[in-house]
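4 protein chains.
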Amino acid sequence: MGTDRLKIGVMGASGYTGADLVRLLLCHPHAEIALLTADRQAGKAYETVFPHLAGHGLPPLVSVAEADWSGLDVVFCGLPHGTTQPLVAGLPDSVKVVDLSADFRLRDPAVYAQWYGHGHQALSLQAEAVYGLTEWYRPAIREARLVANPGCYPTAVLLALLPLVAGGLVDPDALIIDAKSGVSGAGRSVKEANLFCEVGEGTHAYGIGTHRHMPEIEQEVAAVAGRPVAVSFTPHLLPMNRGELITAYVRLAGGAGPDDLRAALADRYAAEPFVRVVPAGVSPATRHVRGSNFCHIGVFADRRPGCAIVIAAIDNLVKGSSGAAIQNMNLMCGLDETMGLGQLALFP
Amino acid sequence: MGTDRLKIGVMGASGYTGADLVRLLLCHPHAEIALLTADRQAGKAYETVFPHLAGHGLPPLVSVAEADWSGLDVVFCGLPHGTTQPLVAGLPDSVKVVDLSADFRLRDPAVYAQWYGHGHQALSLQAEAVYGLTEWYRPAIREARLVANPGCYPTAVLLALLPLVAGGLVDPDALIIDAKSGVSGAGRSVKEANLFCEVGEGTHAYGIGTHRHMPEIEQEVAAVAGRPVAVSFTPHLLPMNRGELITAYVRLAGGAGPDDLRAALADRYAAEPFVRVVPAGVSPATRHVRGSNFCHIGVFADRRPGCAIVIAAIDNLVKGSSGAAIQNMNLMCGLDETMGLGQLALFP
Amino acid sequence: MGTDRLKIGVMGASGYTGADLVRLLLCHPHAEIALLTADRQAGKAYETVFPHLAGHGLPPLVSVAEADWSGLDVVFCGLPHGTTQPLVAGLPDSVKVVDLSADFRLRDPAVYAQWYGHGHQALSLQAEAVYGLTEWYRPAIREARLVANPGCYPTAVLLALLPLVAGGLVDPDALIIDAKSGVSGAGRSVKEANLFCEVGEGTHAYGIGTHRHMPEIEQEVAAVAGRPVAVSFTPHLLPMNRGELITAYVRLAGGAGPDDLRAALADRYAAEPFVRVVPAGVSPATRHVRGSNFCHIGVFADRRPGCAIVIAAIDNLVKGSSGAAIQNMNLMCGLDETMGLGQLALFP
Amino acid sequence: MGTDRLKIGVMGASGYTGADLVRLLLCHPHAEIALLTADRQAGKAYETVFPHLAGHGLPPLVSVAEADWSGLDVVFCGLPHGTTQPLVAGLPDSVKVVDLSADFRLRDPAVYAQWYGHGHQALSLQAEAVYGLTEWYRPAIREARLVANPGCYPTAVLLALLPLVAGGLVDPDALIIDAKSGVSGAGRSVKEANLFCEVGEGTHAYGIGTHRHMPEIEQEVAAVAGRPVAVSFTPHLLPMNRGELITAYVRLAGGAGPDDLRAALADRYAAEPFVRVVPAGVSPATRHVRGSNFCHIGVFADRRPGCAIVIAAIDNLVKGSSGAAIQNMNLMCGLDETMGLGQLALFP
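Residue numbers (our numbering), protein chains in the order written: chain A, 1 to 348; chain B, 1 to 348; chain C, 1 to 348; chain D, 1 to 348.
No lab work stands behind these hints: they were computed from the structure. Check before you lean on any hint, since a few could be wrong.
Anything over 12 Å on all C-beta distances counts as not near chain D; from chain A, calculated [said to hold, decoys possible]: (1) 30; (2) 34; (3) 53; (4) 92; (5) 113; (6) 139; (7) 140; (8) 184; (9) 210; (10) 240; (11) 242; (12) 259; (13) 279; (14) 285; (15) 317; (16) 318.
Distance condition first, Cα-Cα at most 27 Å in a straight line; then the derived DSSO-like pairs of lysine-lysine [said to hold, decoys possible]: (17) 7/D with 44/B; (18) 7/C with 44/C; (19) 44/B with 191/D; (20) 44/D with 7/D; (21) 44/A with 7/A; (22) 191/B with 7/D; (23) 44/C with 191/C; (24) 44/A with 191/A; (25) 44/A with 191/C; (26) 191/B with 7/B; (27) 7/B with 44/B; (28) 191/A with 44/C; (29) 191/D with 7/D; (30) 191/C with 191/A.
C-beta: ideal position from N, C-alpha, C; glycine also.
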């Protein structure tokens with residue numbers, strides 16, 4: 001395309017994911033934000049809801065019912081899980097869609113029904129949807145009309161582990177993932193569990209054995225392993241706004257050692273603009289990717305023979321959500337994949 | 001004993017562990033703080049170093065060289081690792097000692113030398129020292145003159161796992177422990193890594209595969225398992241002052257399920273004043289033990305067949321250090337074990 | 001009284017103030033918690049709502065309508081402002097009441113109506129209520145049946161400033177108070193403004209020129225000054241759970257200097273168990289009173305001639321609420337005023 | 001200039017200010033980082049010191065003694081106060097300099113000597129230096145060879161107050177400024193006071209009546225007022241990485257009201273790209289400018305008649321330091337002033 005700007009809509013623009021989409025799109029040289037929806041905040045100026053984004057002439061928030069989709073090139077859906085399927089089905093065919101909810105991530109409707117408690121409501125769209133882990137589905141994303149943006153935890157887990165499973169370097173049946181996340185991963189929904197005093201100065205695990213990102217991880221590991229797998233995945237809530245760290249405990253396979261794993265990752269991601277394999281001995285830290293679209297991955301020897309530790313860090317709202325969504329949009333629209341994503345990490 | 005007060009010395013009283021000892025001892029009905037040492041702060045009033053403990057008529061800080069040990073009943077050593085051995089060797093025989101450093105925790109001098117890089121300097125004392133995990137060594141602690149207070153991580157790990165290993169409910173060769181700690185675990189030493197901005201709003205793993213609490217954990221698991229074991233142990237630093245959470249991924253043995261593990265723990269700790277096994281479905285949180293001597297333990301099913309997840313939470317400075325030390329002192333001196341340790345958790 | 005325990009009820013026990021009352025009362029040697037109410041959580045075990053207080057055999061939560069007041073000696077009301085007046089009016093006369101809401105703090109019903117938007121609903125009780133700033137109303141509190149516990153901000157402000165106004169050392173018409181508070185001051189109510197991500201890593205002022213603690217401060221300053229006053233009071237929200245710091249900018253009067261102010265405060269509070277005037281040059285810090293019933297006060301020279309700076313730190317939930325309430329209960333019931341309030345500050 | 005890139009050196013590149021300069025310069029379309037100095041880290045790769053800036057081909061750190069200044073267009077000095085004067089004096093005349101220390105901010109050498117305890121070491125350079133508050137000294141900055149970048153606190157204070165003093169709307173002799181800052185303002189220097197546990201979960205004032213930003217504020221207020229002034233300025237440390245909020249209590253003059261103040265600010269800054277006057281009722285928050293070069297200013301009525309409250313928020317490392325420095329560099333080099341400074345605030 002030329003210098004024309006894509007006309008973009010953001011559904012669910014009053015959440016943290018929506019705000020980070022807007023933050024990044026405002027710096028994107030080929031994007032124009034034409035529509036912002038938020039049912040409960042409809043009628044408000046966007047800067048009333050997010051004062052940090054004031055002064056950019058953004059359109060006011062409207063309800064989905066009031067939205068005018070005509071002329072839009074791309075719509076990002078940042079709505080709560082379970083609400084997106086009928087909405088996307090109702091969009092004009094001409095609109096490309098990046099869905100940031102979980103609604104189109106699981107290819108098998110039976111798995112979806114099992115984990116979400118109701119049947120999928122847009123099966124033909126599901127069949128068409130491409131799983132948006134850019135580094136693994138780039139060709140399909142380029143051609144897609146509907147991309148299911150990965151969950152934040154799956155993004156970090158899969159970037160760290162898929163090359164190792166693919167290379168036969170680790171046993172896909174013995175993956176144990178201990179995950180840590182900042183509170184923005186829970187969104188802006190008003191729940192007691194997300195109050196400052198319920199999270200500040202402490203930590204705890206949640207969704208133990210039941211977190212919905214588990215089937216998503218399993219789907220993609222299984223796709224690479226060539227057979228069903230069950231992974232152990234336990235997320236923890238940390239007293240910080242942004243950031244996600246996954247510590248994966250893996251059993252080595254095929255005679256590989258930690259250095260082989262690191263080499264395989266470095267090789268796989270050598271040409272990737274947003275994945276960085278850190279040197280031996282460097283511990284990936286969420287603060288080193290805060291606000292950026294980067295994923296840092298490190299590999300360490302485990303004390304147990306035949307085992308290793310793989311650690312990955314992302315910003316859950318950027319590479320784990322809005323940044324990856326824009327990366328996918330760029331691909332879908334024929335733009336340079338890195339466009340609008342050049343912001344470096346904010347440390348400290 | 002009667003209502004007489006124990007005369008107590010605290011070595012290394014200018015650190016966080018020392019401060020928490022003083023905080024707790026000031027509320028102990030049979031303790032009198034008679035000596036406070038801190039070489040670099042010698043000569044200062046204690047409230048200059050810790051204003052939160054002002055107004056209690058505490059003795060001023062003196063150097064170890066100036067210290068008068070005569071008349072002391074108990075000395076707590078809260079000095080950096082590697083400095084305590086000669087000092088304890090020089091104390092009068094009449095003084096009972098609770099050492100909060102790692103200097104006397106490892107029974108095998110070869111293991112000590114391997115992990116600490118120099119030979120042990122007080123081998124006969126080491127032979128005499130009792131490992132101070134109260135719930136497991138209570139009879140020996142009662143008779144001990146020198147107690148090696150456990151490390152903070154080992155305390156949480158061992159309380160959670162020893163009953164399961166002892167009962168043959170989990171495989172001791174497949175223990176994977178992902179640990180999370182607040183920054184006070186690093187003490188008050190002035191290092192760049194502990195600056196607010198290096199820790200705030202982020203997380204990272206440290207000491208991966210090399211943390212010195214690993215051999216301590218292995219020593220005690222091996223003692224119960226009856227053979228050497230190697231554990232996987234990876235600590236993470238979290239942006240909070242206090243609190244330690246360990247998430248242990250275990251392989252079930254002997255046909256046991258998660259409920260069996262929980263029952264075994266509940267049974268083992270039924271009479272323990274400071275260990276609480278939380279109900280099924282409740283996730284232990286560090287904020288629920290903050291400032292208290294409690295350890296909360298929970299058990300969860302893992303998604304992988306034949307596996308489970310055991311989680312324990314403590315305050316690293318209390319049950320993980322100073323509180324346990326006072327618990328041990330009470331035992332060593334024939335007092336009620338819970339004396340001075342009744343403070344409840346400070347939440348929020 | 002003898003060793004009998006006071007039978008105590010806590011209304012609004014599911015809030016942070018309620019939890020801190022329970023935390024402190026469980027360590028009080030003459031208190032027995034006999035009733036806990038929380039309308040929305042009625043029927044639940046207390047440890048479900050506050051796991052940090054599990055294991056003490058507390059009564060289950062009941063609704064106010066179900067509550068049995070018979071046999072109670074004292075009731076603490078920790079309910080939202082505006083709901084307490086009819087409830088207290090309905091309690092048996094034999095029950096002493098410490099109200100932690102704002103409902104009985106303002107003596108002038110017209111001022112109450114102006115700031116709370118509706119007429120007072122229990123005027124005769126209001127006439128009877130004693131303002132519970134212990135250090136200033138001790139004799140009346142001893143005789144009171146109903147004590148209106150002060151707000152957290154007024155507590156810190158008044159302890160710092162009343163002796164100076166009373167002594168003619170500062171101009172009561174030029175009091176500027178910049179206040180900073182942790183988030184627990186907002187209670188456990190579920191509002192977007194109190195979500196972790198809305199507060200973490202940032203600060204802002206709120207209630208500027210409109211905060212309801214302003215008339216309360218003015219009432220008490222005026223009582224001492226002998227004429228109406230208007231104060232400037234601006235609170236700020238800080239990313240921490242507990243703690244309140246007030247920085248008061250005062251104009252000196254009567255030829256006084258900063259040292260005179262410090263001496264007047266030290267003199268006034270010399271016999272007070274919970275107020276500590278810190279030495280010249282020491283900056284009061286909220287972390288030095290965290291979890292304790294202490295108030296630390298410091299005085300500093302200002303660069304502007306004829307002015308000074310007075311700083312006070314409290315824990316908003318303890319001296320600013322629950323601790324002060326128990327201090328008042330002790331007085332009302334003829335107990336040692338400090339009973340149950342011996343916990344020292346938790347630092348770090 | 002054309003598309004050529006400025007060759008840039010950063011002295012003191014291992015501090016937080018240095019890192020934020022590098023972060024911003026890497027996104028600047030006309031900047032090339034050619035030299036990075038850090039005496040204590042000389043010889044290290046930059047990404048060893050700041051992993052969040054890895055992968056950009058930055059030059060390694062060298063000592064000042066080893067530095068090659070030839071060919072440089074601009075040098076930023078981010079060194080500790082008191083060390084810059086001789087270094088700048090030794091740079092080639094062809095190099096433009098933006099100094100981020102306090103070394104050239106005070107025009108009067110006597111005031112400098114009084115506050116810094118030693119005589120100025122480069123008086124002729126001082127005479128030439130332009131105070132770099134861009135919005136007030138833009139024409140002089142364009143022509144300057146040496147710009148003294150303002151302190152973080154003075155930046156927020158002066159942007160908020162200078163238009164009001166200049167317009168005769170407030171009394172310059174009654175300015176009371178209560179300031180709050182994140183810990184990064186203290187730099188990366190390793191001091192006990194900046195340890196996580198000394199700052200986390202608490203707040204306190206520091207430098208009361210003695211902070212060196214006071215004479216800098218007074219110098220600029222006096223320049224506008226036309227006569228010497230003394231201001232009250234009290235900074236507080238908050239448990240957050242970045243962000244600075246100043247709450248100024250002002251006495252109204254010339255019959256002005258709060259709305260007049262807001263209007264005067266809005267008028268003064270209408271064309272400014274980085275200063276935003278927020279609507280009535282909106283409270284400026286540091287989180288709304290985090291990571292960006294913006295300053296938000298709000299005005300509120302005070303309860304005291306004839307007074308008002310002016311609040312300003314900046315990111316201390318960006319608009320308070322590195323961002324402003326680049327803004328000045330752009331002016332000095334004839335570039336668009338906003339170049340490289342388009343990053344929006346990172347919230348949450």
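Check: Which of the listed hints are broken here?
Finding: When the structure is compared with the hints, numbers 3, 8, 10, 11, 13, 14, 15, 16, 17, 22, 26, 29 turn out to be violated.
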